[in-house]
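Chains as they are written, first to last, in the numbering used here: chain P, 1 to 249; chain H, 1 to 541.
Keep in mind that the hints are not guaranteed to be accurate.
[Claimed, not checked] Computed spacing ranges between beta-carbons, pair by pair:
hint: 1; chain 1: P; residue 1: 19; chain 2: H; residue 2: 433; range: 23 to 33 Å
hint: 2; chain 1: P; residue 1: 62; chain 2: H; residue 2: 524; range: 52 to 62 Å
hint: 3; chain 1: P; residue 1: 219; chain 2: H; residue 2: 366; range: 44 to 54 Å
hint: 4; chain 1: P; residue 1: 133; chain 2: H; residue 2: 526; range: 30 to 40 Å
hint: 5; chain 1: H; residue 1: 403; chain 2: P; residue 2: 72; range: 48 to 58 Å
[Unchecked claim] 20 Å max Cα-Cα, derived DMTMM-like pairs, lysine to aspartate or glutamate:
hint: 6; chain 1: H; residue 1: 533; chain 2: P; residue 2: 136
hint: 7; chain 1: P; residue 1: 188; chain 2: P; residue 2: 34
hint: 8; chain 1: H; residue 1: 533; chain 2: P; residue 2: 141
hint: 9; chain 1: H; residue 1: 93; chain 2: H; residue 2: 308
Bear in mind the hints are in silico, worked out from the structure with no lab data behind them. In this text, a Cβ means the ideal position worked out from N, Cα and C, and glycines have one as well.
Residues per chain are reported as follows:
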Amino acid sequence: MMTTWALKADHVSKQFPDGTLALEQIDWAVEEGETMALIGESGSGKTTLLRLLNRLAEPTTGTIVVQGKPAASQDPIRLRRSLGYVPQDGGLFPHWTIKRNVCLVPHLLNWSAEDQDDQFQHLMQLINLDAAQMAERYPIELSGGQRQRVAVARALGANPAIVLLDEPFGALDPLTRQELQHQFLTLKQRIQKTMVIITHDLPEAFKLADRITVLKKGHIHQVGTPEALVKTPATSYVQSLIESHGSSW
Amino acid sequence: MVRVRTLHRRKGFFRDSLRTPILLFTSLLFLTVNGLWIPTASGEKIITVGSKNFMENRLLAELFAQLIESRTDLTVLRRLGLAGTQVCFEALKTGGIDLYPEYTGTGLVTILGGEPMNNPTEVLNRVRSQFLQRWNLWWLTPLGFDNSYALALRRDRAQELGVRTLSDLARIAPTLKAGFGYEFMKRPDGLPGLQETYGLQFREVVGMQQTLKYQATANGDIDLLDVYTTDGRLSVYDFLILEDDQRFFPPYDATALVRGDTLERYPELAAVLSLLTNALTREQMRKWNLLVQEQGQPVTQVARQILEDLQLVADQEPGSPTYHQQPSQSLFAYMWHLRGTLAMRTWEHLGLAGLGLLLGIALAIPLGLLLERWRTGAETMIRIIGMSQTIPSIALLAFMIPLFGVGTFPAIMALWIYSLFPILRNTFSGLRDAAPNVVETGRALGMTEWQILRSVRLPLAAPTIMAGVRTSAIWTLGTATLAAFIGAGGLGVPIVAGLQLADVNLILSGALPATILALAVDALLAWVETIVKPQGLDPVR
Ligand SMILES: Nc1ncnc2c1ncn2[C@@H]1O[C@H](COP(=O)(O)OP(=O)(O)OP(=O)(O)O)[C@@H](O)[C@H]1O
Ligand SMILES: [Mg+2]
């Protein structure tokens with residue numbers, strides 16, 4: 001049986017100029033169409049790994065492969081336009097309208113105005129927001145939850161095959177967070193994309209992801225389905241992580 | 001639905017954020033260039049008369065100007081009150097002015113740097129030949145009086161002591177207390193040379209300011225003082241000028257110093273100005289100086305009186321508009337009276353400051369963009385430009401003279417340098433600190449650095465940049481008042497003249513419009529700030 005890897009890291013290490021070793025000899029892969037959660041305590045290297053994928057950072061050693069081709073051999077600008085990205089705070093341009101924000105990548109790719117209009121309608125419908133009402137508003141005129149959904153829509157702007165999300169729901173209150181997680185699941189079913197989602201929160205990872213990667217201090221402790229993590233925790237760290245959340249799922 | 005902005009209509013998706021500021025910039029440029037434009041009918045024959053910044057020199061310049069106006073068809077522009085000999089002379093050499101009143105001794109000692117000589121004819125011949133050879137500048141025939149240094153003491157005291165000459169003085173000097181000007185105590189043709197020639201040794205020498213010396217001598221606090229021989233106060237105080245029997249003091253014969261090519265173009269100038277040959281004595285000059293120096297009469301009026309006295313007036317039309325002092329008038333009546341002139345000065349002022357500022361914007365913003373790209377050198381560069389701010393503005397203006405002469409151009413250059421720093425610093429830090437998380441997201445979504453700069457950093461930094469522009473605008477408007485010292489006009493002209501005459505109304509007639517102008521410009525820029533500030537940064541009102 002042959003698996004297609006959407007994303008792959010081979011023997012990847014990342015050391016910053018100040019000597020910090022953020023990732024050490026990582027071997028890691030994400031299947032086509034699956035949702036992979038990255039979980040780990042603060043400073044464990046989650047964001048660093050994500051940034052290597054869209055070449056916002058370069059690995060010190062090893063190779064990153066995106067859709068079968070080494071990332072290093074791809075033009076970074078084109079690569080990034082083919083990868084959706086959602087930061088923790090949404091990162092919407094405050095001085096741009098919602099429509100302009102959502103259509104950023106289509107615009108960068110020189111889509112026609114009609115195609116951009118259609119895409120905007122489509123994406124707003126996906127995230128359950130009223131396109132006509134939102135189009136001319138500025139981010140500041142939206143609630144935190146709405147902003148985060150718009151950020152997701154923007155990441156999906158030009159139909160990327162892969163979407164990277166760095167703690168997309170991290171800054172929201174618990175209720176909004178639950179609602180967005182729920183919407184995310186619906187969305188996931190409808191669009192069937194490869195997704196990498198960073199989270200601090202094990203229940204969130206269990207709820208949203210097909211597989212989970214547990215990172216600690218730049219090392220991968222385990223990659224597996226939620227059941228695998230529960231039934232056969234690979235290290236005592238994974239076990240303690242599961243146990244500390246035992247009651248909440 | 002109030003307005004639907006769709007992407008169809010917004011071809012310049014990225015560009016529209018820059019359109020408004022560029023439009024404003026161009027219209028401001030247009031306005032201020034207009035401000036500097038001096039309306040002249042084409043084919044009009046114009047000459048420019050300059051003067052130094054003391055009263056006798058202004059008076060003589062005005063005298064020349066009125067005589068030329070009444071006897072020729074030339075239009076005379078006045079650049080009166082330039083800051084000292086060097087400025088006037090540079091202006092003459094570079095053609096900023098066509099003529100100004102100068103003294104033969106100054107030509108010899110200060111400009112040529114020659115040894116003092118004491119025969120007036122020799123000095124005149126010397127400066128004439130040297131100035132012709134070197135710069136094609138012409139010394140016309142002297143006006144008849146010389147304004148040199150002399151020592152004086154109260155007449156009754158002189159009789160009591162039995163002194164009439166400097167040689168007499170030398171004998172009794174060790175018993176006397178002298179009050180001298182600071183410059184006089186330093187100059188080789190002042191006290192040091194005098195002591196050497198006559199062997200003068202005083203009991204005590206105190207440095208004193210000009211006005212105080214006269215009073216102190218009259219009171220008997222000091223025994224003697226140094227004077228300029230045509231000082232108006234000498235016709236008020238009963239002082240005896242000691243005869244320079246060994247002819248130590250170099251002669252300072254006053255006359256017009258004129259550009260050769262101006263004389264070639266308008267040969268009638270030499271003939272007209274020669275009407276003043278030997279026309280004025282020392283005593284007469286003291287009397288005229290007294291009128292402007294002490295009684296605050298405007299130079300235009302006194303110059304006219306001199307011409308009438310000499311019976312040289314051709315027509316009876318009043319002279320050009322200038323500052324009249326009428327002590328009984330209220331400030332506002334006074335300013336209303338001068339409204340034409342003040343409006344012109346305000347316009348000039350706006351032109352100077354505006355052009356300096358616009359040039360500053362044109363250099364500092366691109367430089368800020370460049371430095372933001374090239375961070376390593378940025379701090380050093382900004383610090384170097386910041387240093388230009390620490391040069392006192394009057395010194396910066398003075399540095400411009402050897403490079404660009406006098407007048408509008410060097411003033412604009414100096415104001416330009418002055419305006420750079422606040423704009424540069426704000427552009428740099430505004431761009432550097434513009435919402436880093438948003439910038440990072442733009443990058444992650446595949447915007448190029450250029451697109452990020454143009455569509456994200458620049459619009460978000462615009463309010464900060466604009467704040468820098470506002471700071472610069474206020475500085476530039478303030479500094480522009482000093483431009484009068486190098487003959488660039490503006491509202492500094494009445495301020496500087498008022499300071500010399502200690503005329504509060506005159507000072508305020510410049511200072512008040514300057515303040516109002518600064519407030520108005522600041523208000524205008526505050527409005528521009530709200531325009532360049534992108535929408536969406538503030539909650540909806
Ligand atoms: N630009 C950088 N220079 C130096 N060290 C860095 C840099 N970026 C990250 N690091 C270090 O690398 C390590 C991993 O950082 P990373 O941001 O990947 O953590 P994270 O798992 O995303 O943490 P969090 O959950 O807090 O976001 C940390 O020790 C961090 O301090
Ligand atoms: Mg992180």
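Exercise for the section: Using the beta carbons of residue 219 (chain P) and residue 366 (chain H), state whether their distance is inside 44 to 54 Å or not. Expected result: 48 Å, holds
Handout entry: Range hint 52 to 62 Å (beta carbons of residue 62 (chain P) and residue 524 (chain H)) holds or violated
Key = 59 Å, holds
Handout entry: Distance restraint between residue 533 (chain H) and residue 141 (chain P), which requires alpha-carbon spacing of 20 Å or less
Key = Within the cut-off at roughly 17 Å; holds.
Practice task
Go ahead and decide if the range 23 to 33 Å is satisfied by the Cβ distance of residue 19 (chain P) to residue 433 (chain H).
Solution key: For residue 433 (chain H) against residue 19 (chain P), whose Cβ atoms are near 27 Å apart, the range 23 to 33 Å holds.
Exercise for the section: Please work out if residue 93 (chain H) and residue 308 (chain H) have their alpha carbons no farther apart than 20 Å. Expected result: Since the Cα atoms of residue 93 (chain H) and residue 308 (chain H) sit roughly 32 Å apart, the hinted pair is violated (cutoff 20 Å).
Exercise for the section: Starting from residue 533 (chain H), check that the Cα of residue 136 (chain P) is at most 20 Å away, please. Expected result: 17 Å, holds
Practice task
With respect to the beta-carbon atoms only, verify the hint that residue 133 (chain P) and residue 526 (chain H) lie 30 to 40 Å apart.
Solution key: Holds: the Cβ-Cβ distance is about 34 Å, inside 30 to 40 Å.
Practice task
State, for the Cβ atoms of residue 403 (chain H) and residue 72 (chain P), whether the hinted interval 48 to 58 Å holds or is violated.
Solution key: 54 Å, holds
Handout entry: Holds or violated: residue 188 (chain P) to residue 34 (chain P), with C-alpha atoms at most 20 Å apart
Key = Status holds; Cα separation ~9 Å.
Figure legend: structure checked against the earlier numbered hints; the only hint not met is number 9.
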